[in-house]
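Chains as they are written, first to last, in my numbering: chain A, 20 to 398; chain B, 4 to 442.
Treat the hints loosely; a few may be bogus.
Simulated coverage check for chain A against chain B, where a stretch passes if three residues somewhere in it have a Cβ under 8 Å from a Cβ of chain B [claimed, not checked]: (1) 36-47; (2) 145-152; (3) 178-184; (4) 242-252; (5) 314-328.
Rather than coming from a laboratory, the hints here were simulated on the basis of the structure.
These numbers were taken from a predicted model, which means no experiment stands behind them.
Ideal placement from N, C-alpha and C gives every residue a C-beta, glycine not left out.
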Amino acid sequence: MGRLPSSVSRPGLIVVAVALAVSALSAGEFRAMGRSGEVRPGPGVTRVGRLSDTLPGLAGTPGDTPVYTLAAPAGTVPGGTALILGGTHGDEPAGYLAAVVLVETARVSTGKLIVIPRANASGFSYNVPQEAHPQRFEIATPRGPRSFTFGARATNPVHQWPDPQVYTHRGSGQALSGTETRNLNRAYPGRADGSLTEQIAFAITTLIRSEHVALAIDLHEAAPEYPVVNTIVAHERATELAALVNLELSGSAVTIGLEPSPKTLHGLSHREWGDSTDTLAVLMETANPAQGRLRGRTDAALVVSGRDRYFAAAARRGRLNVPFDDHGWPINLRVARHVAGVTQFLTDLGMLDETKAISVAGVPAYDEIVARGLGAYLR
Amino acid sequence: MFPDASILGRLPAGWAEPATLLVMLAAFGILSVKLRWQTGIALGVAAWAGAAANGHLLPLRHLVEGGTAYLDPLLTIATAMIFMRVLLDGGALDAIGGAVERAFGSRPLLLLPAVMLLVMFPGMITGSSTASVLTTGVMALTILDGLGLPRDRSAAFVAMGGVLGMVAPPINIPAMIIGAGLDLPYAGFGVPLALLSFPVALVTAYFLAWPVLGRSSAAPLPRPRPDGATAGRVVPLGRALLGPLVAVLLMVLPRVAPSTVPDPGLPLAFLAAAAVGAVSAARFDLRVSLLRATEEALPVLGILVGVGAFIQVLTLTGARGFVVSLMVASPPGALIAVAAVGLPLFGAVSAFGSASVLGVPLLLALLGRSDVVVAAGLSALASIGDLMPPVALAPTLAAQAAGVDRFAVLKKCVVPALLLIAAAVIVLAAAPAIGRLSR
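Next up, chain B with everything else stripped away, as it sits in the complex (with noise of 0.2 Å):
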């Protein structure tokens, strides 16, 4: 029964949970785009207005529940971010990106898939889109920097890099949390999502390239250089890739060798690489680093606190139970449709979050279609969530560690991001034929 203090429990059967999501959208919509409050604030005020709406005058604990939801993300952006800028203020950005220069600088255009691959890598290793952005991907942009891509457009590519290194094979995390969901083992997973990703990667590297290096007079830009300390200095290779070396260690050894190497989980690893990374560095005040990633850092973290109470309010109340209903009631015919809308629509808030919410209502309606393909399309098309705004986690750090706007960056994301969206559907469509021709 509802509270007294329920506003929207007045109202007839099955209009409260839909009325509480307009709710809770119109007020979204308000804070942050007529009174430009932050994201991650106004998705929080946004949650105790729709909580309220229902008699939960202070659902404190929800609130904070729902908040806490993603903190292992919060800690993995925060220290990768802190890597990052370690990378980028201690020189060894600087050194790598000039070492790969003067290697690959006169076949741009052979260099790009390998440059899509080590963007995509540690996504592989980790299913996570950041641990892509943010430690090869930032290396790319150097790169891709000295090519003489814009940075909207090398941004673009780090973030669809990262994207599709999460969908990419060995480990695609909203696969497995896709198959959990119908006690799916992991395995045959390898082949559909490598037709998805790696297909998709190729075309994006030269999609996003090509309009630009194609031009025989394209320039190259300057690459761009830390503030302050080590500007002038040099610092050798193998001390500049002595962090990312140990960053790519520590990801890679506990997949390789789980029995014998612990897992010390994508904080600490970034932490290590960090501290290894600062001391091989040139002298840098390592202060002023730290300050600046947290400041870099804060919105993002702010806007996944207020993603978490507001799903953790929407499931509360009803009103996520009316949107996945409302998704899997479509005709048998249609679901496919729904699935290529509703996951990367839901995803935007988190991918993790659309794999779990909807993708496994999705694949329990799609059931019988050779199961770990179909898992797979909808993993990939969860994945797609991470470029999704509000929070469009991966071109938002791409964008932060190009110093270039991230709606740019969206904007360059969008032809790629349709192209992975078909790649799913064709694959959800021909689920039995794959699914009979990986076995």
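Here chain A stands alone, though its shape is the one from the complex (with noise of 0.2 Å):
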């Protein structure tokens, strides 16, 4: 028999006492996180469905999320069908808020929209460790501040876990490190059995096939030092229609790039939605400073102001992607860039193919939102 360690002493009760006590005192703001409710359908919603419609399984999990139909009234031209998802990762905000004014704001009269602003609601119920980002923002509007969630990249690990130490993607055998396991725009086109991340997939790739989705966007944002920002990145079928939505856009104040979707990268959305389906699949990016990691202190006045003294910079010596003075990136403008590809898409996606026409009004235009702010248009 050998000696019992002496692991129980004064100082070790008191030290788990006091994280006992913090745990505590601390746990009402996790679990205040990703209340539902922040998206107010406007007059153009013809139903409010649920993700688990498609895929049964998810009925009940955080994985589930609202799905809102703005469709044409009975008897126009039926014209074509377009899905757009906001929050593949809360942690871009912009995304998130572009689709909630679609929500919000929009009138179909041709085809119809469908919008997912939440299409990862679990990342919307915690913050990524060590990022240190506010829980919340606010956006001013004339009836007063609306509050909304600042979310994380990935799947909550409370609703998925544990992650391997590899992910290996289904499909391709592609590796990449353990935490992407949670990252939906690793896990297209997704398993109906597989682990939470995955069936969320699989219900959205299965909702662009079962509503014969004609063009699909995806609405993210990235550090304003990644490669690829402030830019539409097309599957290869969807090259012609982003090519001539990137000529309008940079004829007007939206200077916006085109990238081609990797073949080599597998998971996402642009590219799995391209080749297992039939719809044009881009995805867009703006720059959040709030991502990056060059980023000062990080709260809630740099989500909303984009503001930031050491991206500013970091530009001044070259090494970002995007032009970043000392305005940074408001979220009015991220969100109306957002907001004026979604609309551009829509309209060239009738004039390449009458029959897939979707014609939409009351959504804000650019101009407007840079002008007015984007409270205004928000219910």
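Make one complex out of these two single chains by using the hints.
What follows is the structure, given as structure tokens:
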């Protein structure tokens, strides 16, 4: 029989008591994350469904999320269907808010718009440790501030755990670091019996097939130092449409790049939607200063104002891939870019193929959002 | 805007972030060195001091959120410690060490590369230095003891093997993390990672062992005996190998056949292996072993919790951005030197954290010089963080397993670590040429 360790001591007990007290006191802040009801459907919404309508296994799980349908009135020209995804990554608020703006303002007279503002709802229930992101941020509206959740890049590990050491993408065998197993935009086309993240991906891919979605747009943001930013990434079948959008937007105030979807990188929406369905798959990125490693103080003001001294300095040294001055990249500008991009895609889709036309009214233009602020168009 | 309670917020623009860094480092230094508080608790209190100086008087959410950042590594270390204790107290390590000694005792210098590869193997397939140090590393300790190597050298051998296993192909998690920052597929890393790890491993093995084994008079030291129960008992080699075999299988099979064998995760793999090891071992007091394993693991676990909170506050206050910006602001010609110093230093708090926080922006700053090779070189530098105090994960765990002072082990790791840094610098400098060759 060996010696029993003398591990119980007074300082040890104090440390444990303090740790328990701190955890208990902060629990409320964590539990308040991810509450629903942030989206207020506008007059154009004809149906509010759930992603679990497509994959019933998702019902009651943290991966289930509202799906907003904005359809033309019965008896009109059928037109095409487009899917707009926001909130694939909960820490990319411009994509989420652009989808919210569409749900709250758009009215469809031809075709159908399906909008999922929180594609990975689980990612809105926590923040990534060590990123110190704010749990919420506010957008000023004429009726007072509206509060929105700032989430995380991946599925909450409380909902999907443990991560493997290495994430192997099914189908391609591509190896990525284990945490990517919870990244929705590395999980497509997904699996009905896979992890929660793979199930969400599968449901979205299935929705694209079952609704005969002609155009699918995944709205993202990226750190200003990331090479693929302020750009469109397009599957090869969507190149013609994306090039047209790129041309028309670049003729306006919205300078935007165009990148081909890499054929060697699997699990991403623009690659797998394009390969495994008939949709034209594209992804759009804006520059989010709250994501970069170079950023300074991290708080709700940074999310909304998009101003950061360190990014401005890095831009002066030529270290960024986007212009970055003292005005930064405010959320109004980033949401305006996404909304303008979506509107242009819908317009040009009908120009290329009349049978797939989607006519949308009520959505604010780029200049309007920049001039009056995003809040002016939120309900 | 800074809250009213912020002391540092009243400083001129650009001063608050470096001042925060100074406050946090000073608080940590005073608590840890002068008042001799536990490192983990000192880090946590220093994190609170930094937040409070910026107006966050009760940053409970941030302390808790940051403290959970390393939950998976914490569980891996805790369960690996249990596994190691079961092998040691159950007599399995004695049996394995004895068998190796009988087989190779007369040719120790030929055995060294094989032992180094044995130590590296779990790290190579899991990307975790802890997995190496606390599994085959512990077996290697008994082998090296049997060869007559002093335990501080044996522990350094194992610690370096763990870190080099983490760097070596096929699995290098820091490289994956750095690559993911650029959407770089984890492909084509084999050659640069092999260049970085295997030559350094070979030289390290002989560097650490030659001064002792090269002397003809070197006499083998007695191998460590577990306390109590197993003394005098003999465990058959086949039974002794069962626990390690389960651990290796649970690590290897999910890699070899990911579509058919689900990955149980390292903590569950270690627990399953410990259970098999306990059943197949000589009779011993499992309760004592579990308590001792917990006691040995707690200081390291505490440090990782404190480190998580510390980095969270660095990010919250902008001090992290200050450090990263300062490094990336270096002229292009100096970036490799900055990486060689900055990545291991930041890795002192977490190798994976260093890869993510510094590795990604450094790769972006070095774009176009064969990105895969550059990411591999940066990953090796980040991995050296597992050797750096205050956490010094690999030497600390190896020192605990060997029963020696961790600073003695750290000292023995200095030259091999410098060698690995030199290898990484050469690979980074020659990245375009290596990229062309490895295509």
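A quick look at each hint next to the structure:
1. 36-47: Coverage by chain B holds here, the residue count being 4 at a Cβ distance below 8 Å.
2. 145-152: Answer holds; 5 residues pass the 8 Å Cβ test.
3. 178-184: Our answer is that it holds, as 4 residues pass the Cβ test (under 8 Å) against chain B, meeting three.
4. 242-252: Result for this restraint: holds, n = 4.
5. 314-328: holds (count 8)
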